[in-house]
Structure formats: structure tokens, C-alpha cells
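For this one, chain A is given, so just place chain B on it according to the hints.
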Amino acid sequence: MTTQTVSAPPKRRSIREQWNNLSRPAQWAFLIPVVVLIYFLPVLNPPLIATTGTDFPTAMFDVARYALVAIGLNVVVGQAGLLDLGYVGFFAVGAYVAALFTSPNSSLHHLPYLWTLPLAMVVTMIFGIILGTPTLRLRGDYLAIVTLGFGEIIRLVADNVDPLRGQSGFERVGTDANGTPFFANATAWYWLTVTIIIAVLLLVGNLERSRVGRAWVSIREDEDVAEIMGVPVFKFKIWAFVIGAAIGGLSGALYAGKLGFVNNQSFDVITSMLFLAAVVLGGAGNKVGVLLGAAVVAYLPLRFVQLAEYNYLIFGIALIILMIFRPQGLLGARQRLLARGRQAYQRLLGRGEQISGESALAADTTGGPR
Amino acid sequence: MTPFLAQSEPWISFDVAGLAEQFWNNTVDGLALGGIYALVALGYTLVYGVLKLINFAHSEVFVVGAFATWLTFYGLGFRSGATPALSVFEIILFLAIACLAAMAVSGGTAVLLERVAYRPLRKRNAPRLVFLITAIGASFAIQQTLRLIFGLNQQPQIRLLQPEPLFRLFGATVTNIHIILFVAAVLLWFVADYFVNRTRLGRGIRAVAQDPDTATLMGVNKERVIVITFLVGGLLAGAAALFYMMRIPQGAIYNGGFLLGIKAFTAAVLGGIGNLRGALLGGFLLGLVENYGQSLFGGEWKDIVAFVVLIVVLMFRPTGILGESLGKARV
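Chains as they are written, first to last, in the working numbering: chain A, 1 to 370; chain B, 1 to 331.
Only chain B is shown next, with the shape it has when bound in the complex:
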């Protein structure tokens, strides 16, 4: 029996050489992973910005998107196993179909969630804690519905696209998946940012975020704005689900959203919740930090790294790196 404290192996080891060696690989992979976090984080940030509500069920919106992706692939005739040989055009077509399906299903789920769970509470001016509990209840309900439909086990992974090394960057291998994830995240973020900051509906969102009562007096339809906010968050989560399924060599599972949801929320808080740019920054930062931490401390510690970063940032900068800003008017 070994003494409690004198273990033969330390609990935690610092692999600095490994970190140095893997640095650029981690950077590339961290940016790709961070893109997924950023897309989900946008959903948290938008809803928080408008409603000051942590939408705890957003992770379930993401998981529903993952199942929609899987079902689409399955419905298109693909099965797990060998990656089918497809032309570039076919790959783009099928991925686009899956993306649209996932976005539609996730967006629909988010809107349904708003209708069923949150709107009645808003009508009754419920306290904030009640929203949180309702969100937890909704999260349970969606998760369990998925479990009843799809069972406890992971769906077999269907890959339309194998990661293929494209080029090397500072000694790091950059694959096609990395590129797709990074570009898609930035692109979708840009669309969301444009939507919120440049369009008429986006102006409504910002107005409600800043001051719901005055916005209502100015003729903004608050209910509509809130539904749109949930819808946009859901659409982005659906897209994120597709990219997640492309990157992670695992299938969809009913409780798969939980950890990712927490991390995406961490990313949102990190960058400054309620701030679209913050979500992007926080997502990428968290992806990077997590991957560096994984190299430095070993894979089993990577989730802890995320939470420690969250706590440290909040302790020194409670509003995140960029601060809360959806409500602050930007030209």
C-alpha cells in the first residue's frame, strides 16, 4: 500500500518539451476546435445579450443538430465504415444539405424552446432563477427525448470527408478539415455580426438588448426580436454541430452536448458574454488554451484547463476580455 502523498508517479506532469514540439499543431487544431466553440458561444451570447438569460438548454439545441446531421447522412444513404469516394462537388452538396438540415432542426428547436419554456415565464415576469431552472428542465427533457429515440449508445460515425493533410505551416500539418472549420466559423461569425450590426432586424436586437422598454416604445416588436435571437443562435449551433461531427471521430450521443455547452459558455464568458466579437475571440482562445494544456498536462486534464481559465479570467476581469456589449450601440 503506497502512502497517500508519496506516489511513485506525480499526479500531474509538465511536459514542456511536448508543448514546444506540438505547439504549432496545437495552434492549428486549437483554432479549428475554437471555431466550433465560437459558433455555439454565439448562441449563448446573443440570448444573454437580449434576455440576460443563460440559456442552459442551448447545448441540447446543439446536440439535436448533431443528430440531424447524422440522420441526414444516414438518409442520404451513407453508412458508417469506409469513407465513400465522392467528387468535390458531391461532397460540397451533401455537406450543404446536412448543414441546412442541422441548422433548420436546431433553429426550430431553439424557437420551440423559447415558445414552450421561456415565453410563458416572461409573460409572468418570473425571477431570473426560475428561467435557469426551466432551462435545466428543458435540457433534461430534450436530452431524455433523444435518449428514448436513439438509445444510450453513440450513433456510428459517418464521415463524408477524411482529414487529408493539405500543407504544412511552421511544421504543423494543416488538414482540409481544419481549414473548413476555421473558415466556416469566421464566415458564419461574420454573417452573424453583419446581421446584428448592419441589418434592420439586428438593430432591433441591439435595441432590445440595451433597453427593452424603450425599444418597445420605439416600435420594436420585442417578442419577435427574442424569437429571432433564439433562431439565430439555433442556426449557428446547428452549423457548429455539423462541423463538430466532421472533426470528432465519434457519432452523436444524447448527452454529448453537456461538456461542449459548458465550454462554449466558458468561451462566451471569456470573451465577454453578450458580445459577438467576444464569443469569437473567446472560442478561439479557449480552443488554443485547451490544446496547449492538453500537451502540457496530458489529455485527461484538458477539461480542467478550460475551467481554470474561466475562473482566472472571471476573477480578474468579471465581464470577460472584451466586456459585455451587445446592448452598447456600435456604429
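Same shape as in the complex, but just chain A:
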């Protein structure tokens, strides 16, 4: 994505441009049936797509859960360009908040499950500030490693701090005082999650188009230049981190509620890597892309259970091959704002400009991965 030639644009971009050129009502006219179809997937149980080994609504909930996580992580990695390898930590915090306030195993005050969703977001936001304040001065790989360390610390704390119950965990999470679960069937959980995803997408989309979103893009493309141009870099990095964290926490709380059980086993770094893989696979910075990436990462292992033994092997190899042949992900990021800027630049100079090689997402132009 370093340079663009004006002649012969690839076909995919033209689809994107066509979409962007549609009027708002026309976009909605197309989107609403798609959304309705997505809602009814677990009811329709379409052949070929429906999973055979796992309950299909449960599988769809997993896909939706990954999608929500990917949207949150995309704010951090895709929008602001902050490489976060410990995202599962926020997910874990959210899950534990839901568990601590709804499980009979916990002695904390029992809350209705739905209340724990905003609470989980608030708590993970606080964790995001705690984590972000000291670390966001670091860049690139160092930031990646520190976040990895934080993710591991959260996991190890969950292992070792007794009130968090380690491996024995919390049972009947998401139940009310009488012990009845919040939703009995997986389809309802899926619907709740999809609704939340749509709300979050609208919110994040508006953020992207706002001053905050432009600040994120500027930080992602070149932090120093952004700073010089008067963008309060640190503040907006914290914002990205906190908003990403809140979405991760929300997803964790949903996961805990659906599963009804939380222990220390599901928050390892591998999960963090899978989250990141979902974002990068689909195309970091592109909301539709990360949804697709999340669907691939979550759905394929559930669909092809007969290959269960080779799942992660195939996944690993597929990740390598995809990154070699399509490093920008399935649907690459194209910030509309940037695209406009590039077009203007091209008209002015008759050639494309180059994106800074320092950026995590920009291709290196000087040769060699620096």
C-alpha cells in the first residue's frame, strides 16, 4: 500500500468505491436485509454452513463473541496502531466482573446480569487506564511486549489469588438470585451479542469519523509528526486503549454469562494471539474486515471438527500463507480520510506519496523490515 498508480485500479477497490458512492438510504436498503439474515442464521440452520460437531447457535455465538473482541482490538491495533498482545487480559477482567457479581460462588453483592455488562466495561476501562498510563509512552515492539506481560500478569493473578478461585472457578455465572440463567438458549445469547455488536459498530464508526478517529490515524501513521502538529498523542492513545479495553471487557462479560462458568483456563496468551490474528487476518483498520477475520478464526475450527486434531496446525500454516500473499489482510484498511488525501496529493503531483515506514501498518519503503 505504499504507492498507488492511477491507472487500472483493482476490482475490489471499485466495489468499495461504488459502496461509498451509494446514498445513505441505498446503503441501508442493502444493509438491513443482510443484518436480518445474520440475525436469523441460527434459526435457519443453513446446510453446509451449519456446524455438525457443535450446536450451531453456540458456534454462532462464539463467532459473534470473537467479532466483538475483534472490533475492540481493532480500535487499538487497527485505528491507533498500538500493538496489544495482552488483550485477553481485558477480556478476562470483564469475565471475572460478571462472575464475581452473579455467581453464587462469589460472596460479593449479587447483581442482575445485565447490570454487570456496563460494570464490566467500567472496570476494564479503569484497567485500561492503569495499564495504559505507564506503558503507552513505549512504542511498537516494546509496547507489544509490555502488554503481553500485563496479559500474563492478569492470568497469573487469576491463577494465584484465592478469591478468584483459580481452576475451580465460578459456576452459574449470569444467573439471578434464584439460580435461573439469564438466557436459556444459545440463540438468545447470539441475538443479544449481535445487537451489542451493531451498537458498538455504530459507536466506533462515529468515533472513527470524529476528531478522535483522525487523531488515531495520525498517531498510527506517524506519531512524531502527529505530536508536532499538535495532536495530544498520549491522551488519544489512552482513549484508544480504554475504549478497546471496554469492548474487550464487555465481550468477556458476555462470554462468562453465556458459558455460565469462569475459571483461569480460557485467558492464556494463545487466545490473545487468536484475537490479534482475527484482526490482522481480516485487515486491521477495516471494520468489515475484522468482522470477517473474527468469523474465520472462530468459525472454521468449529465447522471442521473432523479436522480438530489438525486445526491449529492448519491455522498456523494458513496464517503464514495469508500473510505472505496478502499482508494487508483479507480486506485491507483504507481510511477514507487518507484515501481522499492521497487522491488530492496525486492530482497535485501526479504520483502517490509514501506512508512513513515507521508505522506499524505501513509497508516499509526502504527495504527490509525495520
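Treat the hints as calculated values from the structure; they're not laboratory data. Treat the numbers as computed from the prediction; the structure is a model and nothing was measured. Ideal Cβ positions, reconstructed from N, Cα and C, are used throughout, including at glycine. There could be a bad hint or two in this list.
[As the list claims (entries may be wrong)] These stretches of chain B come out as covered by chain A in the derived footprint (C-beta under 8 Å, 3 or more residues): (1) 35-42; (2) 309-317.
[What the hints assert, rightly or not] Derived DEER-like restraints, expressed as beta-carbon distance ranges: (3) Asn311/A to Glu300/B: 27 to 35 Å; (4) Phe30/A to Gly298/B: 58 to 66 Å; (5) Asp162/A to Gln250/B: 22 to 30 Å; (6) Trp115/A to Thr173/B: 53 to 61 Å; (7) Leu201/A to Ile248/B: 45 to 53 Å.
Leaving out everything else, chain B in the frame of chain A:
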């Protein structure tokens, strides 16, 4: 039902007396453990110095070495259980064979990794994040291949050498294994340092680390240098795998490299990633801190200690204790 915060036992206890009592034992053991960290950290540091790439799959290179060690012992006719009575000459011979095998296999894996996963990306000038994702993918692939071949369970440990107390130092028992690990780590580090700083190939590595384009103009074969960097890192990881298998009373397991890889990377960052001396210093420091922390807070907290140290160091000194320096020319 106990209240959430008022536990009968605190979550974390400070055993200062235990730390004082165990101090020298911890020091000796920490230096031995740190030697292993240092050797693996060298692999991270070399690749980072040259490519500015966190080779996440390096931990898998290490694990492959651990399996190679185990297979060599197995192939030589040793089985788990009682340690065979061997003469000193035989022990040295067999350990040397295992060491060579592990180094060869690990080095080969590292080079293969570079060829299959990283080189195509370099050809395409991929962004850095893509390298990281590829490394994660490669790490998955190697791990799962090992799982398919060797299964989920740990291989039974084969010990050629039992730890025997040799002498006491400030009240600490120093075993033969401690000595071997420490000496081997320092020796191998010295060889690596000599190689990078004193040989022609090492000069190429430093040149590419400093400025790949200018180095290419000066006639340095960049691709070759990169392969050699991966190879050296792999060889050291293989050696580390053998020493790890000697120290830890457990066998090889397919996902065993992950935590060690993270810790070795921590060690590399601690000392200053891209800096060979930093890797050695960071390795030993991390080994020591981890062992002290284990005594102070209890065994279950020792991994946290490593990460907390990492974060604290990075917060105050983002380039590590000695700073990044592979690219900086040293005479």
C-alpha cells in the same frame, strides 16, 4: 462463605526470613537458570538487532531442540528411570552428541523458519505487524506438528547426569549441573560475542544491523547475513535446550517453549534487546530476580515477578539496561 476481601490467609505473603535463608542457594540456582535464559535471549537479540523483528517462533526453535535432545538420548539407548552409571568420558561424549544434535536440529529449524516464513515477507516489504503475525502462525504450526508427532504428554525425562553437590559457597550447595550450566552459558556467549565482534561474518551482521542498505552497497550479502543470524540464534537455542533438559526434572513437551520463550525475551529486553552483552546480563538478572521472588513470595508468583520486572524496567529505561547496540559499531 467468606467475605471477598477478608480472607483468612493473605493472597500473597512476604517470606523475608526465607529469602535471607535461601539467598545464596537462590543466587547459585538463579545464575544457572539465567544461563539458559541468556542463551535463548541471544537468539532473540541477534534477530532483533539485524531485522528489528521479534522472532516469536524462537521459543519453538528451542522446543524442537529439547525434543532433539530427548530423541538423541533415546536413540543412544537410554531410557527414563535410574540414571545409568557412566564414566566421566562417556557422559561428556553423550552430552556432546546430544548437544550437537540439538544445535543442528534447532539451527536447521531456525533457518527453515527464515526461509519459509520470513524471507517471502521481506521480499514483499511487508509491514512489521505482518512479520509478527507470521511468527505467531509459524509458532502455532511448529507446536502443533510436535504435538501430532509426540502427543500431548510430556516425554519421560532421561537424565544422564544426576545433580551432585560439589562444594559449598557461602552456605549454598553448588552442584555439578549448576557449574555446567553457568560455564556453558558464559562460554557460548563468549563464542557468540567473539563471532559477532571479531569475525568477518560478524562484521557483516553488525553492518546489516546498523544500516541494511549501506551494507548492501558495501558488498555485504544481506540475505546470507540474515540466514546466518537465524542459524546462530538457533544453534544457541539448541544448546540451551540441552542444558534446560539437564536442569529441569521434566521431559520435553510440545508447548513447553512458550513461557521460557517469553522469559528469554524478557531477559533480552531487560539487558537491552539487540545487545549481546545485554542478553547475558538480562538472562542472569532475570534468573536471579525470579529465584529471589520465588523465595520471597512463594513459587506460584515466580512468573509474575519476571513480568513485573520487565514492565518496571521498560517504564524507566525503555531500551533496557545496556541499550540497543548491535548496530552500534564497537571496536
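Checked hints:
1. For the region 35-42 of chain B, the proposed coverage by chain A is not satisfied: 0 residues have a C-beta within less than 8 Å of a C-beta in that chain, short of the threshold of three.
2. Residues of the region 309-317 of chain B with a Cβ under 8 Å from some Cβ of chain A number 4, which satisfies the need for three, so the listed coverage holds.
3. Under the hint 27 to 35 Å, the C-beta atoms of Asn311/A and Glu300/B, about 31 Å apart, fit the expected range.
4. As the Cβ distance of Phe30/A to Gly298/B is approximately 59 Å, the hint placing it in 58 to 66 Å holds.
5. Restraint check, Asp162/A to Gln250/B: a C-beta distance of roughly 27 Å satisfies the suggested window 22 to 30 Å.
6. The supplied range of 53 to 61 Å is met by Trp115/A and Thr173/B, whose beta-carbon atoms lie about 57 Å from each other.
7. Taking the beta carbon of each, Leu201/A and Ile248/B are about 48 Å apart, inside 45 to 53 Å as hinted.
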